[in-house]
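Using the sequences plus the hints, can you model the full thing?
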Amino acid sequence: MALVAVAAVLGSLGLGLGFGSSGAASSGGDAAADADPEPMVTVGADDGSALWPYTSKATAFEERTLPINVVIEGSPAETRRQFLDRGEGAWNETTPEQEDLSEAAPDEPESTTTAWRRADGSTRYTYVAGGGDSAGGRWLDEHYRLHDGEYLGSRQHVRAYAPPDDTDGEWTAIQAHSEHWDWFRLSHTVDSVERSQRYVEREFMDRDPAAVSRVHLGNDRGSDANGWVTTVGFEDGFPVRLAAVALVPSAILTRRTSALRPIRDAIGARPARGAALAGSLLGLYLSVRFGAIAVETRVPGLDPRLIAGTFYPVLAIGLPCCTYYLSRSLDRTTAFAATAVGFALAILLDYTLLGVTRLPLNVFVHRFSTAIALGFVAVGASHTVRIDPEDHDYLRLGVLLWTVTLLVPLLRFL
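Note that the UniProt record's numbering gives residue 109 to position 109 of the sequence shown, counting from 1, and the numbers run on in steps of one.
Take these hints with a grain of salt, some might be off.
[What the hints assert, rightly or not] Within a straight-line C-alpha distance of at most 25 Å, the following computed SDA-like cross-link-like pairs (lysine to any residue) qualify:
id	residue 1	residue 2
1	Lys57	Pro39
2	Lys57	Pro300
3	Lys57	Arg202
4	Lys57	Glu194
5	Lys57	Arg80
6	Lys57	Pro209
7	Lys57	Asn226
8	Lys57	Arg412
9	Lys57	His143
10	Lys57	Arg207
11	Lys57	Ala340
12	Lys57	Asp220
13	Lys57	Asp165
14	Lys57	Thr189
15	Lys57	Ala316
16	Lys57	Leu407
17	Lys57	Leu217
18	Lys57	Asp141
19	Lys57	Val299
20	Lys57	Arg305
21	Lys57	Arg145
22	Lys57	Ser223
23	Lys57	Thr42
No lab work stands behind these hints, which were simulated from the structure alone.
What follows is the structure, encoded as structure tokens:
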């Protein structure tokens, strides 16, 4: 079993080093095109601009990240206003540290107007050629960024690119993706571009379905992109009045511990203690996730990164401590199984509640390694091992593996 754990963590080391970086690049300006870029697509009926249908971490084509998936014809200022305008409500833009919650009920697709707000994040660039009197090409950074959702939960994120100021372009190119906060990476992980494209698409379908269509550009590199780009065009501008959306109250789940006593007595003490260990790990992990979201939503002026820094030690220290304490009365097999199952259920339920349906392979490998590390902590703390005269060093191995799995995703900050 030790060989399995070491192999899993080595796999996590190799794949974990590929976890995406979120560092910002320098600001873009005029640039010559690199060799062999992706095919350009025409945007802007009047100025004839040609757009590279991807974004990039730097002003270089080889640093390609995610595809452009929405192009809106019309005034960039009007497009931005339509994202932010909430009809009769007195809505204001927020600072980058403040977060805004979606007011759209997920089970009511007919009510699609969204409370988009200004977002912060790493700078991404796109390349545009032509347009107006400009014969050359240049790199553009974001005109603005918007998001809908919780910083420490899941959110829809939009990066909008507008024509250069010295042109008469009337278009906005958008890279939209959904992402979630990863407590082990301490940053956001993109889980879909197609889902977020549909999310933005519905915004404009609700206002004028005839103005929305899709064209196939073949820019299907990155995440779950399929090469289809949503196009939106309005001849007489956007409607001013937007549909109101009702808030959906959160469901509150309760349970009575007394109701569990007959079940516990029926299945015996040892399985009950194993179930208690698994349930405690599940509850602790979800408490970190949704406790942080609760603080974020109730104290909107508080920097979410400060909230994350406060809750992270609860996850990093609380999980192995909880595992150690609750495994002391168990045998090694029950301790390992209960820990692995409890942690796996916590991860599965967390992603399910966030609506995440697609994850990179390195994330799966890392979570598997983390479950193995906690399992070794449980084995080392178990009653069977503690009364064994031979020193198997399971506990020290588990703590070492846990430390490694925590540090691997953070190496990109170095």
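Holds or violated: Lys57 and Thr189, Cα atoms, limit 25 Å. holds, 15 Å
Taking 25 Å as the top limit, are the C-alpha atoms of Lys57 and Glu194 close enough? holds, 20 Å
Check whether the Cα positions of Lys57 and Asp220 lie no farther apart than 25 Å. Answer holds: Lys57 to Asp220 is near 17 Å, not above 25 Å.
Is Lys57 within 25 Å of Leu217, Cα to Cα? holds, 21 Å
Satisfaction of hint between Pro209 and Lys57, Cα-Cα up to 25 Å: Given that 25 Å is the threshold and the Cα spacing comes to 34 Å, the pair is violated.
Given the hinted pair Lys57 and Asn226, is their Cα-Cα distance within 25 Å? holds, 21 Å
Restraint status (C-alpha distance of Lys57 to Arg207 at most 25 Å): Violated. Lys57 to Arg207 sits at ~33 Å, over the 25 Å cutoff.
Straight-line alpha-carbon gap Lys57 to Ala316, limit 25 Å: violated, 30 Å
So if I understand the rule, the pair passes when the alpha-carbon distance is 25 Å or less; does Lys57 with Ala340 pass? At roughly 37 Å apart (the allowed maximum being 25 Å), Ala340 and Lys57 break the hint.
Mind checking the alpha carbons of Lys57 and Arg305 for me, to see if they're no more than 25 Å apart? holds, 22 Å
Going straight from one Cα to the other, do Lys57 and Arg412 come out at no more than 25 Å? Cα-Cα ~15 Å, so holds.
Take a quick look at whether Lys57 and Leu407 sit within 25 Å of each other, Cα to Cα. Between Lys57 and Leu407 the Cα gap is close to 24 Å, so the pair holds against 25 Å.
In the structure shown, a violation is registered for the earlier hints numbered 2, 3, 6, 10, 11, 15 and 19, in ascending order.
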